[in-house]
Every structure is written in structure tokens, then in C-alpha cells.
Amino acid sequence: IEASKEREDLKKFTGDRWRRLKVQVEPLLHVEACKAIERMRRGSNLLKHTHYGFPHLRQFQLSDDRKRLVWYSGAKRKENSVVELDQVSEIRLGQTTPVFLHYRLPMLEHL
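Sequential numbering from 1 applies to the sequence shown in the numbering used here.
To be clear, the hints were calculated from the coordinates, so they are not data collected in a lab. Since this is a predicted model, take the numbers as computed values, not measurements. Treat the hints with caution; some may be incorrect.
[To be verified] Below are the DSS-like pairs computed for lysine-lysine, each with C-alpha atoms no more than 30 Å apart in a straight line:
hint	residue 1	residue 2
1	K35	K48
2	K78	K48
3	K76	K48
4	K48	K67
5	K35	K67
6	K67	K78
7	K35	K78
Required output: the full structure, derived from the provided sequences and hints.
As C-alpha cells, then:
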């Protein structure tokens, strides 16, 4: 499949295909960021790794004020199942932390 050829009669209106309009967008107003925030507010099952025991699934959700990540656990009180996002100092891609490496899951490496 080849790319379609640009119509010469429309060049005066659209310019060539290599020029693009670049507009600064506030990161939290970007379409993909809004979709991700909405998914996080609805909640999702995530694999929680801990220093003790095996990885296990937990239901995680972004708080309504977007300041906390909350997960649901029958063994913990609600205030012990929260991470304040302003205290997050780093987010790593992949299974690179020592806790992840202790229980490496190769089938999830691509995620």
C-alpha cells in the first residue's frame, strides 16, 4: 500500500504534507491524557508487588480530586491503602525495581 499523492490544486490551501501546525497544549488537557485520567477514575485491576509475599491483583482507582491513588484490600484499613501522588518521586517503565526483579513475570514484560 502506497501513500496517496498530494493534489497539486489543493496545495495553496493545505501546504505540503511535511508542514504541520504545532500548537502548545496543556498536558492535562490533551485528549489522550483526559482519556487516561477518566480510565483511572473508573478504576482498574493492577498487579501489586510488595516486599513480602507474591504479587496479587488489586482494584486501583484515582481519587475524585486526582491527588491520591487508592486500592482496595480486605486486610488493610482505607487510610493504609492510599498513595498521595504528590509524594511520588519516580515512575519507571517496565519491571526494573528490585521488588519486581524478585518476582519477575516475563509474560508481562511487554506491558
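A quick look at each hint next to the structure:
1. Between K35 and K48, the direct Cα distance comes to roughly 23 Å. Compliance with the 30 Å bound is thereby established for this hinted pair.
2. Restraint check for K78 and K48: satisfied, since their Cα atoms lie roughly 16 Å apart, inside the 30 Å limit.
3. Of the supplied pair hints, the one linking K76 and K48 holds, its CA atoms being roughly 14 Å apart against a limit of 30 Å.
4. Note on K48 and K67: the hinted pairing holds, with a Cα-Cα distance of about 19 Å set against a maximum of 30 Å.
5. For the given pair, K35 sits about 17 Å from K67 by alpha-carbon distance, which is consistent with the 30 Å threshold.
6. For the hint linking K67 to K78, the alpha-carbon distance of about 15 Å falls within 30 Å, and the restraint holds.
7. The straight-line distance between the Cα atoms of K35 and K78 is roughly 26 Å, inside the 30 Å bound, and the hint therefore holds.
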